[in-house]
Structure formats: structure tokens, C-alpha cells
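Engineer: Chains P and Y, in that order, give the protein sequences. Quick note on this note's numbering: the first sequence kicks off at 1 and runs consecutively. Quick note on this note's numbering: the second sequence kicks off at 1001 and runs consecutively.
Keep in mind the hints are simulated off the structure, nothing from the lab. Check the hints yourself; a few may be wrong.
[Unchecked claim] To give a feel for the contact side, a few chain P residues facing chain Y, derived at Cβ under 7 Å:
1) Gln-33
2) Glu-38
3) Pro-43
4) Leu-45
5) Thr-48
6) Gly-52
7) Phe-100
8) Thr-102
9) Gly-103
Beta carbons: idealized from backbone N, C-alpha and C, even for Gly.
Residue strings, one per chain:
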Amino acid sequence: TQLLEQSPQFLSIQEGENLTVYCNSSSVFSSLQWYRQEPGEGPVLLVTVVTGGEVKKLKRLTFQFGDARKDSSLHITAAQTGDTGLYLCAGKTGANNLFFGTGTRLTVIP
Amino acid sequence: KAGVTQTPRYLIKTRGQQVTLSCSPISGHRSVSWYQQTPGQGLQFLFEYFSETQRNKGNFPGRFSGRQFSNSRSEMNVSTLELGDSALYLCASSSGDRGGYGYTFGSGTRLTVV
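The whole structure should be built from the sequences, with the hints applied where relevant.
Structural biologist: So this is what it looks like as C-alpha cells:
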């Protein structure tokens, strides 16, 4: 059962453009994490959000956790080629382990 | 401080064989989780070990097993390999909060079953 759906699945944009990736679920999460994965490597943690409505900024990346703690978004401003990668959201539910989203593969074209 | 180390990085096995993968977590981390990543299914949770005890298990057949040693190093074993077991196997460590504040992943072991 896939608890987390990400959209879009693929995204190809020009350097300098802005973009938003969405992570949606019908389940409530106690925390929501975002990772970026590059080919041949494991995912790298970008941020963890734990409070409904929370907004965190990491340089050009802005992460928001939905008020009901069921969804999240990742906004990138002025994308750079170094932002290219697979973006994964992951939600923690109760006593269970993390469940990962379907992923968004971002390509930033120079 | 050293990250999560997985060995080997690449492995080719034949159907029916068995394989053992190894993971050394970040020093001080007592929780080790294993994930299988495939293009079709994404990242799927296999199991989690904490202080040598399996604390949680995903929905995989009994051919997939694991263990954790007293130094927190972990191994996973897959017996009677099938073609569908070809995947990137990722190990992640955390300080013991069930990954609630984030995992540190290793680079993975790429298993190919032929």
C-alpha cells in the first residue's frame, strides 16, 4: 500500500526557474522528511518537519507541512543544475517505520 | 565522523543462490533499517533492528532476514534468490527514535540476480 503520492513524477525545467513538488496522503504523519538522492547513492536528508503548518527554509528550498499533517510541499527558487536528482518525501506514522513517497525526478537544464 | 558503510557495493548472483549484505551504522547509532529500492516499487521497508532486536518488519517474504550484532553492525540475508530481488538495497541508521528525525543512508548495495 502506497501511503504517499508525489507529484509530478518527472519534472524538467530550465536553470533559474521555480518549481514545487507535492507529497500527499490520506494518512496523518507525526513527522515528514524530505530527501534527495543522486544516481548510485543513498538518499540524503534535507529536512524534517514535525508541526502542522510548519515552514522551513534551506537556502533556496522551502518546505511546508500541511496543517492537518497529511501533506507537504517542496518549493525550489531559481533552480540550479546541482538541484538535479530524485526527491523523496517520507512520513512517519505512529509506531511504524518511515514510508517513502513515489519520488519526483527533477532535471535542471543549463 | 564516518557515515554509514555498506558492503559490497555491487553483487551479481544466480537464481537460487543466497546473499549476505553488510551495514555498519554511524558510531553511536543503535538503530539500523533496511530498504529495497526498485524503479517500479520505489523504496520499500524491509526491517529495523535496535539493540540486536528486530523492532519492526515490512511486508517481505521469509526469504529476507536480518540480524544485528552487539556493535550495532547489521547484516541482511536473502535466500533462494529470484530475478525480482534485483534491486538497490539501502541501509539507514538513526539514533534510536525510529527514524522520526531523519535517517542517514549508506550508498547501498546493487544486487543483480541473473
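Engineer: Each hint: holds or not?
Structural biologist: Outcome of the hint check:
1. Look at Gln-33/P: its Cβ gets to within about 6 Å of chain Y, closer than 7 Å, so that hint holds up.
2. Residue-level restraint check for Glu-38/P is violated (minimum Cβ-Cβ distance to chain Y is 10 Å; threshold 7 Å).
3. Because the beta carbon of Pro-43/P sits about 5 Å from the nearest beta carbon in chain Y, less than 7 Å, this interface hint is met.
4. Using the Cβ-Cβ criterion of 7 Å, the hint placing Leu-45/P at the interface with chain Y is satisfied: the shortest such distance is roughly 4 Å.
5. At about 5 Å, the closest approach between the beta carbon of Thr-48/P and any beta carbon in chain Y falls short of 7 Å, and the interface hint on this residue holds.
6. About 16 Å separates the beta-carbon of Gly-52/P from the nearest beta-carbon of chain Y, more than 7 Å, and the hint is not met.
7. The criterion of a C-beta within 7 Å of any C-beta in chain Y is met by Phe-100/P, whose closest approach is roughly 4 Å, and the hint holds.
8. Look at Thr-102/P: its Cβ gets to within about 6 Å of chain Y, closer than 7 Å, so that hint holds up.
9. With its C-beta approaching chain Y no nearer than about 6 Å, Gly-103/P sits inside the 7 Å limit, and its interface hint holds.
When each numbered hint is compared with the structure, violations occur for hints 2 and 6.
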